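Q: In case you want the letters, here they are:
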Amino acid sequence: MIPSSFEYESPTTIQEALDLLEKYGDEGKILSGGHSLIPMMKLRFASPECLIDINNIPGLSHIVLEGNTVKIGSLVREAEIEHSDLLLRHYPIFADVTKLIADPQVRNRGTIGGNLAHGDAANDHPAVMMALNATIMITNKEGVREVPIDEFFFGFYTTAVQENEILTEIQIPVPPKGTGSAYHKLERKVGDYATAGVAVQLTLDTNGICTEIGIGLTNVNPVPLRAARSEDALRGKKITDETLAEAVQYASEDCNPSADLRGSEEYKRAMVGVLVKRMVHKAAERAIAAL
Amino acid sequence: MTKEITITLNGTVHTLEVEPRTLLVHLIREELGLTGTHIGCDTSSCGACTILMDGKSIKSCTLLAVQANNTSLTTIEGVSPDGQLNNIQEGFKENHGLHCGFCTPGMIMRITELLEHNPDPTEDEIRWGISGNLCRCTGYNNIVRTFANHANLIVGRVSCVRK
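So the protein lines, in turn, are chains A and B.
Take the first sequence: its position 161, counting from 1, is numbered 161 in this note's numbering, and each next residue is one higher.
Take the second sequence: its position 86, counting from 1, is numbered 86 in this note's numbering, and each next residue is one higher.
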């Protein structure tokens, strides 16, 4: 399978890349890791006139702590996340999620920015970023604008990133002491999209009260979904069998999965519930260890 | 419109004119004639096209040749330039780590990177490490054994590779 013909540009500055985006409009596509875009081009689901390869632009591959925020450049590869002491120290969820994204070779190329900007509800980072309350930094000719993760996903393969813009950085607040996070997706085989996936980050105080919680769901809704009612069921309360049962029920009800080869709608709703329960427990264990 | 790229392939520098849509695996096999790198699924699932790009294992069916500009590539032909089997290849032979052989070059390239970072992997790490490479003959056990034996060799544990 060979993509249809296209022009290829490899700018070395953001400014140059933005100029190219302006020139090509919706016929210009940003090439980052390319492991979603190139397969789509090979299948001729996508046939942009021009690929704008941002891999030669310096300054997009950082993972740094600044004040109380961790900043991740959009070109950071999944394999770099997998081995980043800084990220794993603050967010154990990244150890869970990267291992489940595709396979080692794909993780050597795939980037966090691409995973988010692709706007696919089946990708894993969207739910994780919801749990972590990330902010997405988008660069255009006027400067950089901040988009909270809850306002980032618009619809099927559609995000807040406009034709003339580039996703350049992800910012994640450093959570307080007593915070734990966890992710799991049910998959049929390595590299598969999730049958269902759940990301949780929660903070416990010394009395065992869950003071803050974020829950994101993968591939059970047309867009990545925050399980807001489930969060409310646990926020400000102790995690007991009762409060957790409520959170589980709300997540199963509020998602909107479609039946496919991975399972029926009922099965997926049930699996969302199972995973919410397990991930809340796992995140809570990690939170207690971090108290 | 073609683009000029320069790549180092198994130590030899090549400057080539390529169409942007040329996939790296096609450049390697068809333009440069090195057919040890295989095309299996053509959808970045099977790993038969795995090569090293600047030391990192990648699936060359899902990379454009233009993306490899100014990089150093290693294919199966480059792992033992003297024509002798290297330790990993020898291990595959000794442990019956291959049957039809189609997955073997990709498997060996992947294993090469993994051992570079982690010379003494656990069985679990080996199995996750080759999770992007499919083999339909061996059931993987002999490949894992090959790998474990190779790790034994390089960390100086008692090896069960027959010599």
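Hints listed in this document are in silico derivations from the structure and should not be mistaken for laboratory results.
Fair warning: there could be bad hints in the mix.
The list that follows gives simulated cross-link-like pairs (lysine to any residue, SDA-like), each with its CA atoms no further than 25 Å apart [unchecked claim]:
no., chain 1, residue 1, chain 2, residue 2
1, B, Lys3, A, Asp96
2, A, Lys189, A, Asp241
3, A, Lys99, B, Cys41
4, A, Lys42, B, Ser131
5, B, Lys56, A, Val190
6, A, Lys282, A, Thr206
7, B, Lys56, A, Gly178
8, B, Lys3, A, Gln15
9, B, Lys56, A, Lys282
10, B, Lys3, A, Cys50
11, A, Lys238, A, Asn207
12, A, Lys189, B, Glu17
13, A, Lys99, B, Thr35
14, A, Lys189, B, Arg127
15, A, Lys99, B, Pro121
16, B, Lys3, A, Glu27
17, A, Lys42, B, His117
18, A, Lys42, B, Gly40
19, A, Lys99, B, His117
20, A, Lys277, A, Asp241
21, B, Lys56, A, Leu100
22, A, Lys42, B, Arg127
23, A, Lys99, B, Met53
24, B, Lys3, A, Asp26
25, A, Lys189, B, Arg136
26, B, Lys3, A, Tyr24
27, A, Lys99, B, Glu123
28, B, Lys3, A, Lys99
29, A, Lys42, B, Glu123
30, A, Lys189, A, Asp260
31, A, Lys189, B, Glu113
32, B, Lys3, A, Thr12
33, B, Lys56, A, Glu80
34, A, Lys277, A, Gln249
35, B, Lys3, A, Glu16
36, B, Lys56, A, Thr12
This one's a predicted model, so the numbers in the text were calculated from it and none came from an experiment.
Q: Confirm or reject each hint.
A: We went through each hint and held it up to the structure:
Distance check on the hinted pair: B/Lys3 and A/Asp96 sit about 40 Å apart at the alpha-carbon level, beyond 25 Å; violated. Restraint check for A/Lys189 and A/Asp241: the C-alpha separation of about 31 Å exceeds 25 Å, so the hint is violated. With a CA separation close to 22 Å, the supplied pair A/Lys99 and B/Cys41 stays within the 25 Å bound. Taken as a hint, the A/Lys42 and B/Ser131 pair is honoured in the structure, with Cα atoms around 23 Å apart against an allowance of 25 Å.
Restraint check for B/Lys56 and A/Val190: the C-alpha separation of about 20 Å stays at or below 25 Å, so the hint holds. Restraint check for A/Lys282 and A/Thr206: satisfied, since their Cα atoms lie roughly 17 Å apart, inside the 25 Å limit. Between B/Lys56 and A/Gly178, the direct Cα distance comes to roughly 37 Å. Violation of the 25 Å bound is thereby established for this hinted pair. At most 25 Å may separate the alpha-carbon atoms for a hinted pair to count; B/Lys3 and A/Gln15 meet this at roughly 22 Å.
For the suggested pair B/Lys56 and A/Lys282, the alpha carbons sit about 33 Å apart, so the restraint of at most 25 Å is broken. Distance check on the hinted pair: B/Lys3 and A/Cys50 sit about 13 Å apart at the alpha-carbon level, within 25 Å; holds. With a C-alpha separation of about 8 Å, the suggested pairing of A/Lys238 with A/Asn207 holds against the 25 Å cut-off. A hinted pair counts as satisfied when its Cα atoms are at most 25 Å apart, and A/Lys189 with B/Glu17 does not qualify at roughly 39 Å.
Under the criterion of a C-alpha separation no larger than 25 Å, the hint pairing A/Lys99 with B/Thr35 is inconsistent with the structure, at around 31 Å. With a CA separation close to 13 Å, the supplied pair A/Lys189 and B/Arg127 stays within the 25 Å bound. Proposed proximity of A/Lys99 and B/Pro121 is supported: the alpha carbons are some 16 Å apart, at most 25 Å. This hinted pair checks out: B/Lys3 and A/Glu27 have alpha carbons roughly 20 Å apart, not beyond 25 Å.
Between A/Lys42 and B/His117 the alpha-carbon distance is near 32 Å, which puts this suggested pair outside the 25 Å criterion. Distance check on the hinted pair: A/Lys42 and B/Gly40 sit about 15 Å apart at the alpha-carbon level, within 25 Å; holds. The straight-line distance between the Cα atoms of A/Lys99 and B/His117 is roughly 16 Å, inside the 25 Å bound, and the hint therefore holds. Distance restraint check for A/Lys277 and A/Asp241: the Cα-Cα separation of roughly 9 Å lies within the 25 Å cut-off, and the hinted pair is therefore satisfied.
Using a Cα cut-off of 25 Å, the hinted pair B/Lys56 and A/Leu100 holds, with the two alpha carbons roughly 19 Å apart. The suggested pairing of A/Lys42 with B/Arg127 is violated, with an alpha-carbon distance near 29 Å, which exceeds 25 Å. Only pairs whose Cα atoms come within 25 Å are accepted, and A/Lys99 paired with B/Met53 is accepted, the gap being roughly 21 Å. About 23 Å separates the Cα atoms of B/Lys3 and A/Asp26, which keeps this hinted pair within 25 Å; it holds.
Taking the CA atoms of A/Lys189 and B/Arg136, the gap is near 15 Å; set against the 25 Å cutoff, the hint holds. Between the alpha carbons of B/Lys3 and A/Tyr24 the distance comes to roughly 19 Å, so the proposed pair stays at or under 25 Å and holds. Simply put, A/Lys99 and B/Glu123 have alpha-carbon atoms about 16 Å apart, close enough for the 25 Å limit, and the pair holds. Restraint check: the Cα-Cα separation between B/Lys3 and A/Lys99 comes to about 36 Å, which exceeds 25 Å; the hinted pair is violated.
Restraint check: the Cα-Cα separation between A/Lys42 and B/Glu123 comes to about 35 Å, which exceeds 25 Å; the hinted pair is violated. Between A/Lys189 and A/Asp260 the alpha-carbon distance is near 16 Å, which keeps this suggested pair within the 25 Å criterion. Distance hint between A/Lys189 and B/Glu113 is fulfilled; the C-alpha atoms sit about 23 Å from each other, no more than 25 Å. With a C-alpha separation of about 16 Å, the suggested pairing of B/Lys3 with A/Thr12 holds against the 25 Å cut-off.
Distance restraint check for B/Lys56 and A/Glu80: the Cα-Cα separation of roughly 12 Å lies within the 25 Å cut-off, and the hinted pair is therefore satisfied. The suggested pairing of A/Lys277 with A/Gln249 holds, with an alpha-carbon distance near 10 Å, which does not exceed 25 Å. Simply put, B/Lys3 and A/Glu16 have alpha-carbon atoms about 18 Å apart, close enough for the 25 Å limit, and the pair holds. Of the pairs offered as hints, the one joining B/Lys56 and A/Thr12 holds, with about 23 Å between alpha carbons and a cut-off of 25 Å not exceeded.
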